[in-house]
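Participant: We have chain A already, so just place chain D on it with the hints.
Number of protein chains: 2
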Amino acid sequence: MSHPVTACVLIIGNEILSGRTKDVNLNHLAVTLGGWGVRITEARVIPDIEEVIVNAVNETRQQFDYVFTTGGIGPTHDDITAQCIATAFGVQLVQSEAIAERIRQRPAPDDVMANRLLMARVPEGAELIDNPTGGPQGFAIENVYVMAGIPMVMQAMLSSLDGKLKTGPIVKSRSIRAFLGESQIAGPLGAIQNQHPDLDIGSYPFYRDDRYGTVLVVRGTEDADIEKAAGAIMDAVVARGETPEDLGSNA
Amino acid sequence: MSHPVTACVLIIGNEILSGRTKDVNLNHLAVTLGGWGVRITEARVIPDIEEVIVNAVNETRQQFDYVFTTGGIGPTHDDITAQCIATAFGVQLVQSEAIAERIRQRPAPDDVMANRLLMARVPEGAELIDNPTGGPQGFAIENVYVMAGIPMVMQAMLSSLDGKLKTGPIVKSRSIRAFLGESQIAGPLGAIQNQHPDLDIGSYPFYRDDRYGTVLVVRGTEDADIEKAAGAIMDAVVARGETPEDLGSNA
Numbered sequence: 025m026s027h028p029v030t031a032c033v034l035i036i037g038n039e040i041l042s043g044r045t046k047d048v049n050l051n052h053l054a055v056t057l058g059g060w061g062v063r064i065t066e067a068r069v070i071p072d073i074e075e076v077i078v079n080a081v082n083e084t085r086q087q088f089d090y091v092f093t094t095g096g097i098g099p100t101h102d103d104i105t106a107q108c109i110a111t112a113f114g115v116q117l118v119q120s121e122a123i124a125e126r127i128r129q130r131p132a133p134d135d136v137m138a139n140r141l142l143m144a145r146v147p148e149g150a151e152l153i154d155n156p157t158g159g160p161q162g163f164a165i166e167n168v169y170v171m172a173g174i175p176m177v178m179q180a181m182l183s184s185l186d187g188k189l190k191t192g193p194i195v196k197s198r199s200i201r202a203f204l205g206e207s208q209i210a211g212p213l214g215a216i217q218n219q220h221p222d223l224d225i226g227s228y229p230f231y232r233d234d235r236y237g238t239v240l241v242v243r244g245t246e247d248a249d250i251e252k253a254a255g256a257i258m259d260a261v262v263a264r265g266e267t268p269e270d271l272g273s274n275a
Numbered sequence: 025m026s027h028p029v030t031a032c033v034l035i036i037g038n039e040i041l042s043g044r045t046k047d048v049n050l051n052h053l054a055v056t057l058g059g060w061g062v063r064i065t066e067a068r069v070i071p072d073i074e075e076v077i078v079n080a081v082n083e084t085r086q087q088f089d090y091v092f093t094t095g096g097i098g099p100t101h102d103d104i105t106a107q108c109i110a111t112a113f114g115v116q117l118v119q120s121e122a123i124a125e126r127i128r129q130r131p132a133p134d135d136v137m138a139n140r141l142l143m144a145r146v147p148e149g150a151e152l153i154d155n156p157t158g159g160p161q162g163f164a165i166e167n168v169y170v171m172a173g174i175p176m177v178m179q180a181m182l183s184s185l186d187g188k189l190k191t192g193p194i195v196k197s198r199s200i201r202a203f204l205g206e207s208q209i210a211g212p213l214g215a216i217q218n219q220h221p222d223l224d225i226g227s228y229p230f231y232r233d234d235r236y237g238t239v240l241v242v243r244g245t246e247d248a249d250i251e252k253a254a255g256a257i258m259d260a261v262v263a264r265g266e267t268p269e270d271l272g273s274n275a
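Order-wise, the sequence lines are chains A and D.
In my numbering, each number is its position in the first sequence, counted from 1, plus 24.
In my numbering, each number is its position in the second sequence, counted from 1, plus 24.
Derived from the structure by calculation, the hints contain no laboratory data.
Among the hints, erroneous ones may be present.
No copy labels: a pair is met if it fits in one copy or bridges any two.
To be verified - With a straight-line cut-off of 30 Å between C-alpha atoms, the simulated DSSO-like cross-links for lysine-lysine are:
hint, residue 1, residue 2
1, 46, 196
2, 252, 46
3, 46, 188
4, 252, 196
Here the structure is a predicted model, which means the values were calculated and not measured.
In isolation and in its complexed conformation, chain A is listed as follows (with noise of 0.2 Å):
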């Protein structure tokens, strides 16, 4: 069986920690990573400040198989993304000049043109992530990604990735939600989580039209072990009066 690749996602920004916006990158970061056999083990949301970026990413791109960025590569002041990632890997920040072109290609006056083309630079060694919306492209050195913030955007960067990066064994999942408390459940599903150790158990509680509830979730790579489990976990169910709903896969 082959091993699995971990990634780690560097969501850069200051307007994440202040509460201004919500992030909403992580999740589509998972979920399309997640189907591809890249899964995410970590994730940090770091301000825009210079030391933390180039910390984060020199501790992380040595513990993770891929480290992921978003946000700080526009044509601000703030967007210290690019400069931080050199520093990282202790090289020049040059201007690509395939970037350049694109940039280019969209007519503006000198200054409005010399603030774009701050979106040109990468660190020295990198190549480009395309950028499917016909804007500046991202870039990647070695195990780091760096991608736009705006999430249509690095969404876009990121489909491109699709079928370029290394990847292992798919997690899948099998949910099933009963109307009984996490409690009432507890027992049984720890000893299933037992005897299926290769498995990833969890327990999701919800509380819907004044009853309380539970989402079981099996996570495993193998089909046959998460079917025995969810299996399991329906039997338990049933056991304690209530009716399971199979909520099928990855839900």
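Facilitator: This is chain D only, laid out in the frame that chain A set:
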């Protein structure tokens, strides 16, 4: 002037990293704590793995004034946060009689009650965080505050901390919207940032109704500084031939 009070948020849960669940707690914490004068300066999303949680707690509780955790304090096998916090602090996990008493108020069969009582375990020496929903309380040990992952419960627990935390200057903001691309305003904006080193000026592009626009946000603790920078930004927008829209404070 009083010093800033900083916080790190640890969002604990495989379900966020797998993409099953979209985190909404960070934004609520950012807005609420920010309004009290506690600044979130980092957040991490980490899996339900003991070593990862213990290391993250021990690393961040040294670096930030406060650490707030969400998730992993329910009654099932994957709820390991309380144990991890005890391990991080090198203390025993003990039963809180106050939490146990609250749990016992709602009757249940013995085996279910045994599982519910798992939610009464806290690190020795911890203080409780009230839970106005009536469910089991959270807890705090030194500067680490441990809360539920369910947003309604987390919000209730957080509300009970109002007035009980050490706070610093409150960061206020003022936002101005302009139908200008970021590059068109980047030059003057950088100059205004340089003139106001104590402020944090951000620029957030958007695309709506077939037009590019940018929201320019000034953040700081001193109203007069904020006003001055906001005025300069509005002048810069006018100089570019556009009409600035004042979105007011905390927009």
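Participant: Is it within, between, both, or neither for residue 252 and residue 196, if the alpha carbons may be no more than 30 Å apart?
Facilitator: within (14 Å within a copy, 54 Å between copies)
Participant: If the cut is 30 Å between Cα atoms, do residue 252 and residue 46 qualify within a copy, between copies, both or neither?
Facilitator: between (38 Å within a copy, 28 Å between copies)
Participant: Pop the pair residue 46 and residue 196 into one bin, within, between, both or neither, using alpha-carbon distances up to 30 Å.
Facilitator: Both: 27 Å inside a chain and 18 Å across chains, each within 30 Å.
Participant: Since the copies are identical, ignore which copy is meant and state whether residue 46 and residue 188 lie within 30 Å (CA to CA) inside a copy, between copies, both or neither.
Facilitator: Answer is both: 29 Å inside a copy and 26 Å across each meet the 30 Å cutoff.
Against the hints set out earlier in the document, no violation occurs for any number.
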